[in-house]
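Residue numbers (the numbering used here), protein chains in the order written: chain A, 1 to 448; chain B, 1 to 618; chain C, 1 to 216.
Treat the hints with caution; some may be incorrect.
[Stated by the list, open to error] Keeping only pairs whose Cα atoms sit at most 35 Å apart, straight-line, the calculated DSBU-like set for lysine-lysine is: (1) A:Lys243 <-> A:Lys114; (2) A:Lys142 <-> A:Lys114; (3) B:Lys557 <-> A:Lys165; (4) A:Lys114 <-> A:Lys165; (5) A:Lys416 <-> A:Lys243; (6) B:Lys572 <-> C:Lys97; (7) B:Lys557 <-> C:Lys18; (8) C:Lys43 <-> A:Lys142; (9) A:Lys165 <-> C:Lys43; (10) C:Lys18 <-> B:Lys155; (11) B:Lys557 <-> B:Lys544; (12) B:Lys557 <-> A:Lys424; (13) C:Lys97 <-> C:Lys113; (14) C:Lys101 <-> C:Lys113; (15) A:Lys416 <-> B:Lys544; (16) C:Lys43 <-> C:Lys97; (17) B:Lys572 <-> C:Lys101; (18) B:Lys572 <-> C:Lys43.
The hints are simulated quantities; they were obtained by calculation from the structure and are not laboratory data.
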Amino acid sequence: MKGNSRLRQLATFGLVALAVLALGACAAEYPNTTFQPKSEFARSIDFLWDRLLLLGTIVFVLVEAALIFVIFRYRRRPSDTSTPPQTHGNATLEILWTIIPAVILIFIAIPTVKTIFQTQAKVAAGALEIEVIGHQWWWEFKYPQYNIVTANEIYIPAGRTVNFKLNSDDVIHSFWIPQLAGKRDMIANRTNYIWFTPDSSLGPAVYNGFCTEYCGTQHAKMRFRVFTVRPEQFESWVAGQQKPAAFGAVASAAPAATGTPTPPQSGVGPEGGAARAVPRPAGSVIPGSDSFPAAAPMTGASTARLASGYTFPDHQPEFAYARPNSTIPANLKFTKGLTGNAARGQQAYSSSACIGCHVITGNPMSQGIVGPNLTHFGSRSTIGAGSFPNTPAYLALWLKNTRAMKPGSIMPTLGKNEYDPQLKTTVTTGGLDDQQIADIVAYLMSLK
Amino acid sequence: MATTAVPTTLSPHATLKPDSNSGVWGWLTTVDHKRIGILYLYTALAFFIIGGLEAVIIRAQLQGPNGTLVSPETYNQLFTMHGTTMVFLAIMPLSAAFFNFLIPLQIGARDVAFPRLNAFSYWVYLFGGIFITVPIFFLVAPNGGWFGYTPLTTKAYSPGINIDFWVIGLQILGVSSLAAAFNFITTIINLRAPGMTLMRMPMFTWMSFVVQFLVILAFPVITIALVFLLFDRFFGTMFYTTAAGADPLLWQHLFWIFGHPEVYILILPAFGLVSEVLPTFSKKPLFGYPVMVYSGILIGVLGFGVWAHHMFAVGMGAIADSVFAVSTMLIAIPTGVKIFNWIGTMAQGQLRFTTAMKFAIGLVALFTIGGISGVMHSSPPADLQQTDSYFIVAHFHYVLFGGSIMGIMAGIYYYFPKMTGRLMNERLGNWHFWLNFIAMNLTFFPMHYSGMLGMPRRVYTYDSGQGWDTFNLISSIGAYMLVAATLIFVYNFFASRKRGEIAGANPWGAGTLEWTIPSPVPEYNFAVLPTVTSRYPLWEGSEKDAESARINSQEGKTAEELGIILPYSTIKPMIVALSMVVMFCGLITTMALTFLGAAIMVVSLYSWLLSPLEPEHH
Amino acid sequence: MSAPAAHHYTTTGLDNRKIAIWAFIGSECMLFISLISTYLIYKGRSIVGPYPHEEWTSPEGRHFEPILDIPVTSASTFVLLMSSLAMVLALAAVQNKNVPKRTTGERIIGSSKLWLWMTAILGTVFLGFQAYEFTSFVHEGLTIRTNLFGSSFFTLTGFHGAHVTAGVIWLLTLLAIDYRRGLGPNDALNVDIAALYWHFVDVVWIVIFTVVYLIQ
């Protein structure tokens, strides 16, 4: 019969699919896989998963095999006009197929309950405490033991237990680092905890973290990075973060697209005038770090780096998965060839709306607590909670029109003559021009 | 009621049916359960297609990384409406189509207990469905997810009109489901033909019976949760206002106390349909009938004790997690028993692979996968990796598509001849099934991988380089193939309705009561109320069964000739439904509309209740 | 309401409406369980007063007594209980309409109009108590928007009040029929169903009274 041969093909398809699962779990190109646990917590889940998968596969194979057998064995032969035995049931069978699944479930239930109590036990003393506060759509991280406040990135030392205290400032979010632990929701009026110990064998590495409870427009771009580092690197990072922000007074940055690899004919603006910061059509994917080369050397950067502590070295090819590659809006342009001045930037920053929402320790004007703490902004690898790489060019566009870069953002559109898609108005008075933005970029990038 | 007479003889008194049944007016005023069932079927299929198109846009957006087909705002509306549409406007009403059409036929009744209430249920569903669906065409659709978690859906975080449509729309649809459930409970308890004992009822009616209890016990809970949200949004109460000390988990508990039984509301009717199809095409009675009944009841009862397994990540504590884990695992046992009994039904039979049979077997094969992945996240620690990832999306699509939709499709192919008098085209059906089966697996199986490889749900886009690209591409290709499969189905449906082969009373050689009467079914269903002596009157029935079957299979007599009194057609239930929806519309426009709607509703309701259901008996 | 159901065959011999009302009451139970559970979950969670059983002084120094007035509500509870009694008598009167009445006492006991009126009036009095309670709470500074207690209290008791209101309208409708053509034993089922609903609403109030007012 036609259907039978197709069923045979399907059976093969199923087996192939299972084989792919086994292979897929090991392959290196899955940076967020839950199949390669990197902490004891994730491993205990993986142990349960393995058992569930094994038992599930056995049940699956047996049931589908029985089904396929019955389909082949008992299909009606065209010649057969007899009536099959009119059985109504079989008590022995019924008892058997009630008890067997029950027994299988016992083999799941016992390790399940054990793991529940293990992983939800009180954390051992001496753990690194990190407070996580969810905001629409970014992460606030506090290290109460070290008096550090940061955003969207955490450093944790390999081998030391970390205890996360989870809260939300607004709607429900959920905290997930697939390779390190399961999820835990972050809920206002309710404090949750999750703790785990990243394997001490881990070298410096970065893991993607995600918000996994739908939390509104930009739920998709509420991401964070976790850097597992060696204990001494962690100490150095802590020391750097504890200092007030330092920046080279004459640091400059050139956020313009002066060195883009795309030929100039794609620029639609007049010669020497405004050109597209990103000369790409809408919908194109930024292929990697080449799109926004650090155009001009950051003169203040080297001194700043001396003052700051350890920072995870960015741009390593093996950690490319941690580098965001979101598309940027096609009609968002930035003037070519501007050079930012950090000192001017500090002034511009301190006299603009920025200070209403952001804290920069070391800048007494900047005391707002609504948005992320920017004290060591220059040491971070992404902006917009993992929306874009933290480079001058992206940052310039971000400051110019956050709500075009990340629709729905609470941070308003700041660029002069830019259209704010939420307020449905164009920013006029008080808007920042491109030079001011370039200066602020230079200032922020220098906060190492 | 001692004077009750069973009209088993043909009465010489002919009563003229007061209203014409033809034309649009006939459909607007009908109180015939079969016509209402068909209205449900068409409407639900239309919503199924709308929900499917929403899903296709979602898959097109996620086909590759950094998709820009739709904006994040639009995407969030699309996934919210896809879920809401499929649950409340497609699968539930598709089941309701069968409740309406089949239950009276299967138990040997001439109509449901409250024919006008039945019409009312349908019209409320239609108007409520329109109310909640129209905003998507103007991109102001609900955007809080089908689960509507607070505080995201409160005014503070969703100030727009979007969520208002959702809160009010679900409230309206709840009225429809509840009214229908009271009706069917009464029908099944009270209108079974003589001899149709509970343990002789066809399995579809049994599963529907369980579902109605789930509806009447689960829907009040969501009603209250929605009332709180509505009051919060419109009248400034504080049920979900965290600043006032509210617990955001209140909503989740109320929602899932409803939401988990809702899952069984969606799947049990499909189980019932499959339990009708498999015996017929195996030429064998259902294996383990009593166990099938008890397991269905057990699933329903346990369904109320497992809601918090949707909340393993909220931090309920180790004890609550353990309790809900074990209760969830327990529910796998009666579900497994059903699967085994279906295979037992087929074993030793003579299987005929009609399209209906293929879809039924498809349910057994695919629901098994959904069931197994369900057990996988009954273990809370394991669930902490799976929940809110694409793994869950894979799981519940195996349950709802592989389960409910496959079962409903089996039901449509199986009962199409009873509804229309014609058979659906088997060749096209074969194409539909195989394309559907392959595309379904292509769409949803890769989601197991993308989920376990770290892809969160409800994201409008994702970065490249995360290891998800291939799986998403395969899923999207599968979704496009599902469109093709559905197009074949739609064509087959309409073409067969016009030109399909004439079916006759019992084209499949089935054994249950509904196949003893002509196809399409005369408006009075049974010329004489049958006397039932077995589960399969046409297979193993006694002389009595055969006698009533013989009378009932005769075609061409009108109710009037047979002296059967049928209810009047009436427009009143529709007016009441419409004015109720108008009343709710007032909440988002002007209070004047609310009062107007309420006034019309009260007047038309009184007019309905005080007018007689049917002509006086002679 | 006026369907001539007696002519149709039913499996149980009971009228369809009788079964439907029990299903409806089962459903209503879940409705009130949800409301009462919410009240209990939010008990003691309000950040600001007034509170049901505790005193409270606002940050501005305004003093609030415990807001629930148990004696008054006890009276209204008694009224509602009495209305159930009247309902029982009304049903009996309709069922025994055709039994000849000899004494004045029998005529009083057998008057369906009297007992229906009595039930409706007692129900209305209960609603009056509730209206008085709501207004005085608002005057004392507790509204549905004040705190979690206010939201859950007004919604719970308001839902119950709405049920009583619907019941009173139902009773008045029966009365209208009684005046128009007289309610007889054939209508007993209609009255019986109304009575079931009325008793249910009454029982729910006993639970609410205990949970909200009596348990501190």
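Comparing the hints with the structure gives:
no. : hint                  : in the structure
1   : A:Lys243 <-> A:Lys114 : violated (44 Å)
2   : A:Lys142 <-> A:Lys114 : holds (31 Å)
3   : B:Lys557 <-> A:Lys165 : violated (75 Å)
4   : A:Lys114 <-> A:Lys165 : holds (23 Å)
5   : A:Lys416 <-> A:Lys243 : holds (34 Å)
6   : B:Lys572 <-> C:Lys97  : holds (33 Å)
7   : B:Lys557 <-> C:Lys18  : holds (34 Å)
8   : C:Lys43 <-> A:Lys142  : holds (33 Å)
9   : A:Lys165 <-> C:Lys43  : holds (27 Å)
10  : C:Lys18 <-> B:Lys155  : violated (42 Å)
11  : B:Lys557 <-> B:Lys544 : holds (22 Å)
12  : B:Lys557 <-> A:Lys424 : violated (68 Å)
13  : C:Lys97 <-> C:Lys113  : holds (11 Å)
14  : C:Lys101 <-> C:Lys113 : holds (15 Å)
15  : A:Lys416 <-> B:Lys544 : violated (88 Å)
16  : C:Lys43 <-> C:Lys97   : violated (49 Å)
17  : B:Lys572 <-> C:Lys101 : violated (41 Å)
18  : B:Lys572 <-> C:Lys43  : violated (44 Å)
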